[in-house]
Amino acid sequence: MKPYTLPNDEDVRRAYQQGEEAVVELLHKLTDNFKLLEARLQALEDRLSKNSSNSGKPPSSDGLNKPSPKSLRKRHRRKSGGQPGHTGHTLRAVQHPDREEVHRVSRCHHCQRPLEEVEASGIEKRQVFDVPKAHIEVTEHQAEIKFCPDCGEINKADFPEGVSQPVQYGPEIKAQAVYFNQYQLLPLERTGEVFDALYGQGLSEGIILEACQEIAEQVEPGNAAIKKHLTEKEETVHFDETGARVEGKLGWLHSASTALLTYYAMHTRRGQPAMDAMGILPGLKGRAIHDGWKSYFKYPVLHGLCNAHHLRRLKFLEERYPQAWVTKLADLLVEMKEAVDTARQVSLTCLTSEQLITFEHRYDRLVEQGLRANAPPERPEDQLKKRGRIKQSPAKNLLDEFQDHKGSVLAFIYDFKVPFDNNQAERDIRMMKVKQKISGCFRSKEGADLFCQIRGYISTARKNEQQVLDVLRLAIAGTPYLPSFVSHG
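Under my numbering, the sequence shown has 76 at position 75, and the numbering climbs by one with no breaks.
None of the hints are false.
Subject to a maximum C-alpha distance of 25 Å in a straight line, what follows is the list of computed SDA-like cross-link-like pairs (lysine to any residue): (1) Lys-397 <-> Arg-313; (2) Lys-299 <-> Asp-405; (3) Lys-234 <-> His-489; (4) Lys-250 <-> Gln-214; (5) Lys-397 <-> His-304; (6) Lys-295 <-> Ser-394; (7) Lys-229 <-> Pro-274; (8) Lys-299 <-> Gly-252; (9) Lys-418 <-> His-230; (10) Lys-338 <-> Gln-356; (11) Lys-286 <-> Glu-221; (12) Lys-234 <-> Gly-287; (13) Lys-418 <-> Leu-349.
Keep in mind the hints are simulated off the structure, nothing from the lab.
My request is simple: use the sequences and hints to build the entire structure.
Right under this line is the structure:
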């Protein structure tokens, strides 16, 4: 429905002259126009009111108006920092330092008597940890050439494996180049500048990309094994997606992960075509944990919905459309989570039947209360012939999700292997937003794919308490890291 043009003085006088019915019709048109403008104003105000704390918007979208963080955890009286009994980490002296410097007493500070010949009665030690100025070490490999005195054949010694060019960079420089570019997310130019500043030897963009390509090829089989393991072996797998610019166009980074494994894929689409191409959801044996994006429900697998998203959406309703059931339902979800956490702390594997029945009954009652307060909208007369779903209020949309996907919303209280939220996936895609802030976009599809291969490998290694630079060295050496519980086959 388009906005109605406000009547001018001539229109008002004409309606007045035509009689009562004309005036009523004019008022009806004005009323309809005001309702339309009111709805548009409400939609715009809702959009402006959304932030990372009350919707699915990422924290990066908050800008300078970032809301104060509010945790679901209850406040405690403990001070911030390490708690009593915490081991702590501090710089400690070593028993065998690499170098010792003795600072002698040459003269008495009081009477100025020379003390060079007096034996020291003790020493006080202080240790300084530092890195010596780095420099690149150049190794020249010389292969002997000999003529056989019997047959005259020329014989040349073999160079070590990997030494194939007259002049080339070694594996350590390649591993560090990938570390700075792919893990620390430095752009190519700045990665070259880092090497120039640290070692006096700047790297070209081509050399850095070549090192990334080499590692991506080495880790690809391992990533494929992780993908297969996520599809067939894991009981719960977290999924999420986020936008990324590739070749100047909007693309989507898709992730599938657990607490110990990560797999990434880049695609031009966000929905089912991308998920099919990723190849995990079509054959998933476990439960898919996600934020309720409609494409996930097209797969006939068990689902678990992110209740952190639900709490943020309920908070938005509290702020914009306050109703009694909203706060009560938010409190109920938090109460359920606390009950599950308490049961876990005493090594229980499930809630009692009484707890489950009570929680489910309270949940159903609140959802029903919300549905009564938010009746389905009626289709306007001018849209009777239009196809598609009628636009609903935010409250009705959320209530429909609570009703239609109740089993997925409450899965965490029935199965303790199901998490309350999808924070694992959100943590795994956060680095993409960091990269966008630093480098902007991917200049090529190949660069985006390299990023997915290497970052998935690095993420998995870090989750298994491996040092990033160490696993990059392993990949350069041709023996990339793979968790022991993941089969290569």
